[in-house]
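Q: Protein chains in written order, with the numbering used here: chain B, 1 to 111; chain W, 1001 to 1115.
What the hints contain is simulated information worked out from the structure, not anything from laboratory work.
Treat the hints with caution; some may be incorrect.
[As the list claims (entries may be wrong)] Just a sample of chain W residues kept apart from chain B, beta carbon distances all over 12 Å, derived:
no., residue
1, M1015
2, A1067
3, V1089
4, G1107
5, G1109
[Claimed, not checked] Pair by pair, the computed Cβ-Cβ distance ranges are:
no., chain 1, residue 1, chain 2, residue 2, range
6, W, D1030, B, T94, 18 to 24 Å
7, B, A82, W, R1111, 31 to 37 Å
8, B, R41, W, I1055, 40 to 46 Å
9, W, G1003, B, L61, 19 to 25 Å
10, B, G40, W, R1041, 28 to 34 Å
Predicted model only: the values in this text are computed from it and were never measured.
The beta-carbon is built from N, C-alpha and C at its ideal position, and this holds for glycine as well.
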Amino acid sequence: SQQGEEDPQALSIQEGENATMNCSYKTSINNLQWYRQNSGRGLVHLILIRSNEREKHSGRLRVTLDTSKKSSSLLITASRAADTASYFCAPVNTGGFKTIFGAGTRLFVKA
Amino acid sequence: DAGVIQSPRHEVTEMGQEVTLRCKPISGHDYLFWYRQTMMRGLELLIYFNNNVPIDDSGMPEDRFSAKMPNASFSTLKIQPSEPRDSAVYFCASSFGQTSNQPQHFGDGTRLSIL
């Protein structure tokens, strides 16, 4: 198992702007997952991208994966105040039984 | 569908007391995870079960911590005796199948304060 490292640690934007968060990891993966955590709540799974995929969309979310650079990015378009949360990436090794979460990116969307 | 249910949501107790946290996973899920989250250390995996059997408890900080899963619908995390440094938010999560292919579903946590 390995831990993803999110960047930046914190991000503050205006409502309507796009937010981009990055994730780097160290070794080969089976897939990479993104989670969101609202204040006082548990993590919520957002999207999973497999190692043979380069891009995936879900509503206003766009995730990219570059296995040659061992990195992923999460783009939230047309952000809303409700998107204010911490975002975590979770790279998962082949046959991985456990997920190790990094410190996350804290996103603050100002109304 | 009911999600992962944790109880209590908040617990405040004095050091030295025994603390028991409870978790009901999503029905049909065969993996269960216990995490601890603090500002300093982030989200740490303590232990996980597969089909009620503990698979990896390498994240359990000390012998004061123990976890059980007597059946597929219930798990407990116990701290005895508790210490102020155990103060944290404890999350339970469950998944169907290995996390290499399946997302984890989290409860809303138990906020534990040890005085």
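Q: Out of the numbered hints, which ones does the structure contradict?
A: When the structure is compared with the hints, numbers 3, 4, 5, 7, 8 and 10 turn out to be violated.
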